[in-house]
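> Chains as they are written, first to last, in our numbering: chain A, 1 to 112; chain B, 1001 to 1116.
Quick list of in silico lysine-lysine cross-link-like pairs, DSS-like style, CA-CA up to 25 Å: (1) B:1011 <-> A:42; (2) B:1017 <-> B:1057; (3) A:56 <-> A:99; (4) A:71 <-> A:56; (5) A:99 <-> A:42; (6) A:99 <-> B:1057.
FYI, nobody ran anything at the bench for these hints, they're computed from the structure. Quick caveat, the model's predicted, so the values are computed rather than measured.
Each chain is listed here by its residues.
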Amino acid sequence: GESVGLHLPTLSVQEGDNSIINCAYSNSASDYFIWYKQESGKGPQFIIDIRSNMDKRQGQRVTVLLNKTVKHLSLQIAATQPGDSAVYFCAERRSNDYKLSFGAGTTVTVRA
Amino acid sequence: GAGVSQSPSNKVTEKGKDVELRCDPISGHTALYWYRQRLGQGLEFLIYFQGNSAPDKSGLPSDRFSAERTGESVSTLTIQRTQQEDSAVYLCASSFLGGGSSNEQFFGPGTRLTVL
Chain A
1 GESVGLHLPT
11 LSVQEGDNSI
21 INCAYSNSAS
31 DYFIWYKQES
41 GKGPQFIIDI
51 RSNMDKRQGQ
61 RVTVLLNKTV
71 KHLSLQIAAT
81 QPGDSAVYFC
91 AERRSNDYKL
101 SFGAGTTVTV
111 RA
Chain B
1001 GAGVSQSPSN
1011 KVTEKGKDVE
1021 LRCDPISGHT
1031 ALYWYRQRLG
1041 QGLEFLIYFQ
1051 GNSAPDKSGL
1061 PSDRFSAERT
1071 GESVSTLTIQ
1081 RTQQEDSAVY
1091 LCASSFLGGG
1101 SSNEQFFGPG
1111 TRLTVL
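Chain A extracted, bound-state conformation:
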């Protein structure tokens, strides 16, 4: 069935190091992918998105990589800061659809 999942439920990273959060998806029809950040007590916040015709997209301190061959998505955060501590979700859908399918999330904790 359609599902989006994450490889690791938790990630602890030293402040200043780079973080890599992974996601696997199973719906080969999906062609639009999004990473969200959710801080405690708040709703998810859009970080970055990528379409299936791209392999890589960069934002401010974040990079998303998409490997369609193995249906794998990753989010890289450069120079991780305490404010990056949150739960990170990947989500996917078809570009002409509106339903997002979310994974369970990875909790990132930044150590000072």
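Using the hints, position chain B against chain A.
Using the frame of chain A, we list chain B on its own:
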């Protein structure tokens, strides 16, 4: 302008009671979504409104759940005869258009529902 707002932020109720959750989307956003987020889990799609089209209710878990939207503004999610398994955070999101690759969904802070 203001983001998506939801009320109440927290709701504690007794099993069997009805609850009503409110969402105020971003002004001008035609699409509105409700999601449920159980503790430690991702978001489950519940219902989708787009303009005057019939809502997509395919994610509602039972007939105890219903939602309404007034035009392109406020939406209410109603849960009748609440059960303990209904305890979760209920998130609302809105976007400018329903489909397309850049119709970013903006989320509200959610309503945390606890059913005792």
